[in-house]
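Trainee: Each chain, written out:
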Amino acid sequence: MKNPRYSKARRIKNILVDIFTNPFNIMVALATVTLAYLIIVPLIEMITTTFTVSQSDIRRIPGAETGDFTWFYWQRLFFSQLSQSFLYVPLRNSLIIGFSVSAIGILLGSFFAWLIVRTDIPGKKILSVMAIVPYMLPSWCKSLAWLTVFKNERVGGSAGFLSSIGVTTPDWLAYGPVAIILVLSLHYYAYSYLLVSAALRSVNSELEEMGEIIGAGKVRILREITFPLVLPAVLSSFILTFSKSIGTFGVPAFLGMKTNFYTLSTMLYASIKQRNTNIGFAMSLVLILFATITVYFNQRAIGSRKSYATIGGKGSRSTLVALGGAKYPILISLIVFIGFAVIMPLLILLFQTFMLKTGDYSLSNFTSHYWIGSPDPMIFENEPGVFKNPLFWQSVRNTLRLVFVTAILATLCGQLLGYIASRGRGTFFGRLIEQMTFVPYLIPSIAFGAIYLSMFSAPHWFVPSLYGTFALLVLVSVVKHLPFSSRAGVSNMLQIGVELEEAATVEGASFPMRLRTIVFPLSKAGFMSGFMLIFISIMKELDLIILIITPKLGTLPYMAYSYANGNFPQFSNVIAVIMFAIVLLVYLIAIKISDADLSSGMGG
Amino acid sequence: MKKRVFVLLLIALLAIILSGCGKSGAAPTESAGEEAPPAEISADEAPVGEAAAAEMNEWARSANLDKTESVEELYELAKKEGKVVIYSISSRMKKVKESFEAQYPGVTVEVYDISTNELLEKITREYEAGVRTADVIHIKDQDGSLYIEYVKNNILHNYQPEDITAHIAPDLLRTQMPFYLELTEWFYNDEAYPDGPPISSWWDLTKPEWKGKILMANPLDNLSYMSVLTGLVLDADALAEDYKRVFGEEIQLDGTENAGYELIKRLVANDLVFMSSSSEMVEAVGTRGQENPPIAYASSSKMRERAEKDFAIQVVSDILPHTGIPALNTVYVVNECPHPNAAKLLIRWMLGEADGKGEGFVPFNTIGGWPIRDDVELVEGAVPLSEVNVQDFDADAIYHKIQEVNDFWISIQK
Chain A
1 MKNPRYSKAR
11 RIKNILVDIF
21 TNPFNIMVAL
31 ATVTLAYLII
41 VPLIEMITTT
51 FTVSQSDIRR
61 IPGAETGDFT
71 WFYWQRLFFS
81 QLSQSFLYVP
91 LRNSLIIGFS
101 VSAIGILLGS
111 FFAWLIVRTD
121 IPGKKILSVM
131 AIVPYMLPSW
141 CKSLAWLTVF
151 KNERVGGSAG
161 FLSSIGVTTP
171 DWLAYGPVAI
181 ILVLSLHYYA
191 YSYLLVSAAL
201 RSVNSELEEM
211 GEIIGAGKVR
221 ILREITFPLV
231 LPAVLSSFIL
241 TFSKSIGTFG
251 VPAFLGMKTN
261 FYTLSTMLYA
271 SIKQRNTNIG
281 FAMSLVLILF
291 ATITVYFNQR
301 AIGSRKSYAT
311 IGGKGSRSTL
321 VALGGAKYPI
331 LISLIVFIGF
341 AVIMPLLILL
351 FQTFMLKTGD
361 YSLSNFTSHY
371 WIGSPDPMIF
381 ENEPGVFKNP
391 LFWQSVRNTL
401 RLVFVTAILA
411 TLCGQLLGYI
421 ASRGRGTFFG
431 RLIEQMTFVP
441 YLIPSIAFGA
451 IYLSMFSAPH
461 WFVPSLYGTF
471 ALLVLVSVVK
481 HLPFSSRAGV
491 SNMLQIGVEL
501 EEAATVEGAS
511 FPMRLRTIVF
521 PLSKAGFMSG
531 FMLIFISIMK
541 ELDLIILIIT
551 PKLGTLPYMA
561 YSYANGNFPQ
571 FSNVIAVIMF
581 AIVLLVYLIA
591 IKISDADLSS
601 GMGG
Chain B
1001 MKKRVFVLLL
1011 IALLAIILSG
1021 CGKSGAAPTE
1031 SAGEEAPPAE
1041 ISADEAPVGE
1051 AAAAEMNEWA
1061 RSANLDKTES
1071 VEELYELAKK
1081 EGKVVIYSIS
1091 SRMKKVKESF
1101 EAQYPGVTVE
1111 VYDISTNELL
1121 EKITREYEAG
1131 VRTADVIHIK
1141 DQDGSLYIEY
1151 VKNNILHNYQ
1161 PEDITAHIAP
1171 DLLRTQMPFY
1181 LELTEWFYND
1191 EAYPDGPPIS
1201 SWWDLTKPEW
1211 KGKILMANPL
1221 DNLSYMSVLT
1231 GLVLDADALA
1241 EDYKRVFGEE
1251 IQLDGTENAG
1261 YELIKRLVAN
1271 DLVFMSSSSE
1281 MVEAVGTRGQ
1291 ENPPIAYASS
1301 SKMRERAEKD
1311 FAIQVVSDIL
1321 PHTGIPALNT
1331 VYVVNECPHP
1341 NAAKLLIRWM
1351 LGEADGKGEG
1361 FVPFNTIGGW
1371 PIRDDVELVE
1381 GAVPLSEVNV
1391 QDFDADAIYH
1401 KIQEVNDFWI
1411 SIQK
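If you read the protein sequences in the order shown, they are chains A and B. Take the first sequence: its letters are residues 1 to 604, numbered as in this note's numbering. Take the second sequence: its letters are residues 1001 to 1414, numbered as in this note's numbering.
Calculated from the structure, these hints are not laboratory results.
Here are the simulated SDA-like pairs of lysine to any residue, each with C-alpha atoms no more than 25 angstroms apart in a straight line:
#, chain 1, residue 1, chain 2, residue 2
1, B, Lys1094, A, Ser562
2, A, Lys218, A, Val321
3, B, Lys1094, A, Phe387
4, B, Lys1211, A, Thr259
5, B, Lys1265, A, Tyr88
6, B, Lys1211, B, Gly1289
7, B, Lys1097, A, Gln394
8, A, Lys388, A, Asn365
9, B, Lys1097, B, Val1131
10, B, Lys1207, B, Arg1266
11, B, Lys1309, A, Ser164
12, B, Lys1211, B, Phe1247
13, A, Lys218, A, Gly325
14, B, Lys1309, A, Met355
15, B, Lys1079, B, Gly1106
16, B, Lys1095, A, Ser562
All chains should be built: construct the whole structure from the sequences, respecting the hints.
Mentor: Okay, structure coming up:
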């Protein structure tokens, strides 16, 4: 430092040149701006909307003009005579459901995971596929199956299966919170199953063996060794399950609205559907707040222990826990459980598609009309069998197009963001990007759809009007799935050693070349699992796109939902069965060709 | 990881600040498409009957929406336009397309069959985005919002040619061009009640024997039901009168404002069951072999399922004080649409042309759907509208009351 001024200026210049020409920095900048535009701006617009008078509310607010600033919506939500039934009661219901579903789901899922990964239970391969089958069917389809079985005479008409064989089901079981909690738990336990089994796989069984050597019993080993090791995974699945179950509207709508049981998500849906968007957004913000609080406490609970998750890496050998005499009783109860929770809903749906009239279980009532029948004026208003309905084929095309385009795009973006976040770990922008990508997870799907609809229907800044375009569907789906895809990307990229890239740099490889020849090829496996997860999720997606879909863009879940809502249950079931078949098929192909593992897609 | 939460909080804070400053900047862009030019506001108080014509903007007048042209003239102009696009809530519009294209070769009809909420959403979004795809809209004005938010703001126009409106009651023409009428009516099971309707008044439904057996759509989920309730509140005096007839004494209000609200409160207390569609309701009511069937407030068009699905359903057509406000199907021309002449021709065709004999109306003349023209004959088996107690539809009154009723409804839920 003989000539400080000279070297200082030069250094600054060099640093600046490096910052502005380094492709990595350019990528970071681009990603930051794009994410801010696609995630933070909508959130801000959402908040702004709750403070702006809408045209239809001029009649309620004396002297107001459209677009004025107002506290009206917040005041109405929190401090009016409506607050009790508008906010507090539904919120209480949402929280009850969220916590119960998380508790049941985590217990079920973790137990399943432990049995399949860590014990010598027979038939693991098939069991592990069975365990995630429920996740492949939209949760609200399961609520239809639930009603088919438990529907009682409260609503008249054709009886449910149990009622028809003389078992009267009580109201509290057929509708309302109990039904909702059970149906949702049977759906979302898949999260805990996937995450906990991934964590269990990474735990070296030597730790458990050590416990055994010192003479600890099985229960004690579970409690004091295994459980603490998988705790981070359990807590992550808690976040996933909790925020999903307080945000979803399909199941609570089908099982709750008939008995006036509202959750914040169904209240929110009702508001947005009635075009009371402002108050709907205010409710969403409350939901977002609660999801954020949960995440916060969760992070505190995990704290420094998070690093346990990968301790010891994948053990080279792992000894299975012998279940001994309990093996077959456990297997049998597992099979019974799978029979009831997995196979039965599917069979019910399938069975129903062949019943000309619902509730009539005689043989003469069987028909293939709903699959391949030609229009018949005497059956459901001339509606043709699904395979003869041009709308169905259009929906199939739309769905496949949406699913593939979105899954590929989302996965690509996820890998790129993962690359940025993993290489930029510890830097401000790395953290910022990681955090921004997590935000869509906290926003309830339906509100996310609504805000995208209002933002992008008219030209917005440099984006042209996207109303009624396929692009809008893709955009909203990609962004909403970024939390998943980017976490998959991060975990994938962390596995690729930086040394490889550094070596290439030394050899003079350019940045794009490094990405092309090192990063992408190595991330293929992770790519597939991330892809699968998003594929399944979008295949079933309804909440997110229900407001955005226009007649020409209808997808299969939307078609099934419209049928279900219009009381065409058989048609709706046909489509649900077909959707399930597609997902299962793609999933089986994917595990066959690439060993894709859904759990790693969730970013364990 | 605490940082994540911190960043979120920061974002929220930032957002609140921005929302505060941004309001003046954001407002004009959001509402620019909707607001009527100030000059036209004074036309609000135009005399009843001419209201629609008086409010029309420049474009509508230049498109001759306030004139009555001859069919030949319109056909010539329409041929030059070549096609017309309609967004409709009815699947039957496909039949109109067939008959129209047969009648007027050279003009094709593009039909989009969309549900009410989606249609409204679609047309609003497109309009705001400056996209003009639809020429004609067929929808229901359930709560007056189409009149107040769309017609008054010159987004949609009423096209009321005199040779056709001459056959329509002036009351129905005040705020809209009506197309046909549907009703929401009380359905009962006539196998279980062979001697006629088990109820004769809305107040009968508040009796204990109907507890847990009244089916309807959830008004929070279905605007037309909330509109009906609003209609009842607006007609509270008639309800109070009818209460005396049913119970033989003056009504005692239990903390509510009037007999309409009181009725709603007691209905809710009688454990209403909500269903998502009318066909689900008539299935629940009409399935044969039930000992104790429920009763349902469902769309009159479902009466056809009596024949189609052999349901034992019948409607209570003489319920007191009335069966509620009608579901008025309406037609509009979209402001600045690309094919205004073909649009006018199509609307005339849908309404049965000057003589009421045009084939365009035939698909809509059904049991459970009523023509609004006095020169169109009812289909066989239809009850004349004059024999059904229907409440008047006052778009303006409903529009300004409905949110109050909505709030009341929410406030009395458990």
